[in-house]
Amino acid sequence: MNYKLAEDGVIRSDGASIPATEENKDWVAYQEWLAAGNTPIPLDEPIPTDFFNN
Amino acid sequence: MAFWTVPNTFASLTGNQPASYLDDNFQALSIAPQYASLVSGSDNILITVPLASTTGNYQAGMTFIFTAVANNTTAVTISVQPAGGGLPYPATSVTKNNNETLVANDILANAAYQVYYDGVNFHLLNPALESAATQNKIINPGMVIDQRFESTGNANPLTNEYTIDRWFIQYNGVANPFSQQQSADVPSNAYAKSLLSTVVTQDNAIAAGDFYALGQKIEGYDIVDLIGVTFTLGFWVKSSVTGTYCVAFRNGGSNYSYVATYSISVANTWEYKTITITNGLTSLATWLKTNGIGLYVTWALAVGSTYQTTAGTWAAGNYLATSAQTNWMATAANQFRITGVQLSVGSILPQWESRPFGEELALCKRYYQKSYTTPSTVTGIPGTVTTVQRYNGVQGIAGTIVYNYNAVLPTPMRASPTVTLYNPNTGTSGSIRSGATNPTATATGQGQLNTGYVTLGTAGAVGDILTMHYTAEAEL
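Residue numbers (the numbering used here), protein chains in the order written: chain S, 797 to 850; chain Y, 10 to 485.
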């Protein structure tokens with residue numbers, strides 16, 4: 797699982813767009829992923845070709 | 010108003026009585042509504058009314074009004090005790106709706122009821138109207154809605170993931186502990202589906218911090234009337250492993266818990282269980298009353314000592330079971346089924362009644378919805394290659410952002426959802442169909458009512474035909 801920063805949240809590597817709100821459990825999971833020491837792909841970088849794990 | 014009265018010489022009454030109130034033996038016979046001065050009983054109700062007779066019987070047309078002192082639990086009879094003394098009139102069956110037998114909670118404590126006698130039975134004119142299905146706090150209690158997997162099952166649900174709508178699992182321990190699937194194995198014809206869990210990776214040495222459970226998170230808006238008010242949980246369960254099991258009720262902060270136990274006495278056999286929480290959710294805890302997690306209701310499958318407490322009392326902390334909890338995880342292929350879950354105010358549950366399918370589906374869509382078909386002859390599992398019910402649009406401005414391509418959600422969601430776009434032609438997530446190409450695509454700016462506009466990985470041209478499927482998830 798990986799994340800890329802988006803305009804108003806993050807994009808998960810399965811293509812899911814997650815809004816930046818504590819009411820969203822996927823955003824809470826992303827915060828836990830960050831707290832575990834992980835780093836998302838910055839907003840201004842293009843999505844790597846292998847980002848989506850389809 | 011003047012009455013023609015009969016002297017009490019002819020009757021066992023005191024004082025003169027209106028002749029119309031007397032039968033052939035000059036005993037009291039009023040068919041005017043009689044208000045009960047005393048009421049007792051729940052299923053065999055005794056009401057005391059102003060009738061003065063000591064030897065009389067019911068007459069067709071007699072009407073009585075009483076305030077119930079308890080909920081009925083099954084069929085009901087009424088006996089009338091004349092205030093004038095003597096034996097009560099015979100216990101007589103009470104029916105409703107043209108001679109239907111009463112079921113639990115047709116009569117509720119502290120509510121007023123009117124019955125009339127037709128010469129054979131009493132007719133209850135105003136049975137409690139609210140249906141069991143409406144009262145039930147559990148969404149998808151009969152496991153009939155399965156938008157994500159459509160009975161194909163989830164071979165490896167992760168902790169905090171959902172398989173059947175609204176039902177999540179929670180675990181810490183071995184990886185891939187158990188699969189989940191909608192099942193047609195049910196207790197009776199009154200049920201259509203159950204939720205089946207099957208051990209994939211066994212754990213026969215439960216560590217202190219291990220736990221395995223399934224359950225439902227109830228939104229704060231929907232649990233307010235359970236605070237300080239007795240409520241009851243009922244459910245059908247079938248397990249391949251007998252023993253003691255636990256159900257836990259926890260607040261959204263998981264810092265207050267109530268654990269109750271139940272026993273599965275026969276393997277692979279449907280059993281019905283009820284658990285009553287007297288005085289309801291404790292006022293010692295903080296209960297969220299908005300759109301977050303109000304209440305966790307979880308069924309333990311195996312729980313380590315860190316999450317064990319004493320049964321039958323509220324405890325400060327995050328607890329799922331007692332030390333008596335069976336280790337259902339001990340052997341691969343163990344099975345656990347559940348359905349017919351009811352959680353309602355009161356100490357007695359109404360008879361099981363499922364909500365209309367469309368109503369149940371709409372309740373589920375507050376938390377998860379999709380553009381694909383929902384139970385249909387056409388497979389609608391997200392990721393399926395299908396153009397049926399795809400969402401269509403046209404690119405209005407050249408570039409990577411398509412502002413005018415924004416699906417409106419048919420049911421407002423609990424919160425701003427996680428939106429995943431799918432390519433109808435390839436089934437790929439994070440992609441849509443644009444003309445004859447398949448660019449990557451993600452949603453931006455979604456809300457409770459829409460999927461947001463689309464950002465493409467490859468710039469499109471004005472007039473490109475766009476098609477996509479989507480899922481929107483706002484589960485607790």
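Hints are not guaranteed to be accurate.
As the list claims (entries may be wrong) - Calculated pairs, DSSO-like style, for lysine-lysine (alpha carbon to alpha carbon, straight line, at most 27 Å):
1. S:Lys821 x Y:Lys105
2. S:Lys821 x Y:Lys282
3. Y:Lys202 x Y:Lys282
4. S:Lys821 x S:Lys800
5. Y:Lys379 x Y:Lys202
6. S:Lys800 x Y:Lys202
As the list claims (entries may be wrong) - Ranges between beta-carbon positions, derived for each pair:
7. S:Glu841 x Y:Ser332: 50 to 58 Å
8. Y:Asn264 x S:Asp846: 15 to 23 Å
9. S:Pro842 x Y:Asn401: 44 to 52 Å
10. S:Met797 x Y:Asp52: 54 to 62 Å
11. Y:Glu280 x S:Gly833: 32 to 40 Å
12. S:Pro842 x Y:Thr253: 32 to 40 Å
13. Y:Gly237 x S:Glu841: 25 to 33 Å
14. Y:Gly218 x S:Ala816: 26 to 34 Å
15. Y:Gly252 x S:Ala816: 42 to 50 Å
16. Y:Thr83 x S:Asp804: 50 to 58 Å
17. Y:Asp231 x S:Glu818: 16 to 24 Å
Treat the hints as calculated values from the structure; they're not laboratory data. Beta carbons are placed, not taken as given, at the ideal position from N, Cα and C, and that holds for glycine.
Evaluation of the provided hints:
Taken as a hint, the lysine 821 of chain S and lysine 105 of chain Y pair is broken in the structure, with Cα atoms around 47 Å apart against an allowance of 27 Å. Of the supplied pair hints, the one linking lysine 821 of chain S and lysine 282 of chain Y is violated, its CA atoms being roughly 31 Å apart against a limit of 27 Å. The suggested pairing of lysine 202 of chain Y with lysine 282 of chain Y holds, with an alpha-carbon distance near 18 Å, which does not exceed 27 Å. Proposed proximity of lysine 821 of chain S and lysine 800 of chain S is supported: the alpha carbons are some 17 Å apart, at most 27 Å.
Our distance criterion of 27 Å between C-alpha atoms is met by lysine 379 of chain Y and lysine 202 of chain Y, whose separation comes to about 21 Å. Our distance criterion of 27 Å between C-alpha atoms is broken by lysine 800 of chain S and lysine 202 of chain Y, whose separation comes to about 39 Å. Between glutamate 841 of chain S and serine 332 of chain Y the Cβ separation comes to about 52 Å, which falls inside the hinted range of 50 to 58 Å. Against the hinted window of 15 to 23 Å, the Cβ-Cβ separation of asparagine 264 of chain Y and aspartate 846 of chain S comes to about 42 Å, which falls outside the hint.
In this structure the hint that proline 842 of chain S and asparagine 401 of chain Y lie 44 to 52 Å apart at CB is violated, the actual value being about 28 Å. Against the hinted window of 54 to 62 Å, the Cβ-Cβ separation of methionine 797 of chain S and aspartate 52 of chain Y comes to about 57 Å, which satisfies the hint. Here the CB-CB span from glutamate 280 of chain Y to glycine 833 of chain S is close to 47 Å, at odds with the stated 32 to 40 Å. Take proline 842 of chain S and threonine 253 of chain Y: their Cβ atoms lie about 56 Å apart, and the range 32 to 40 Å is violated.
In this structure the hint that glycine 237 of chain Y and glutamate 841 of chain S lie 25 to 33 Å apart at CB is violated, the actual value being about 53 Å. Taking 26 to 34 Å as the suggested C-beta distance range, the pair glycine 218 of chain Y and alanine 816 of chain S conforms, at roughly 31 Å. The hint said 42 to 50 Å for the Cβ distance between glycine 252 of chain Y and alanine 816 of chain S, and at roughly 45 Å that hint holds. Distance hint check for threonine 83 of chain Y and aspartate 804 of chain S: the Cβ-Cβ separation is about 56 Å, which falls inside the suggested range of 50 to 58 Å.
Checked against the hint of 16 to 24 Å, the C-beta distance between aspartate 231 of chain Y and glutamate 818 of chain S comes to roughly 20 Å, which is consistent with it.
Hint violations for this structure: numbers 1, 2, 6, 8, 9, 11, 12 and 13, all remaining hints satisfied.
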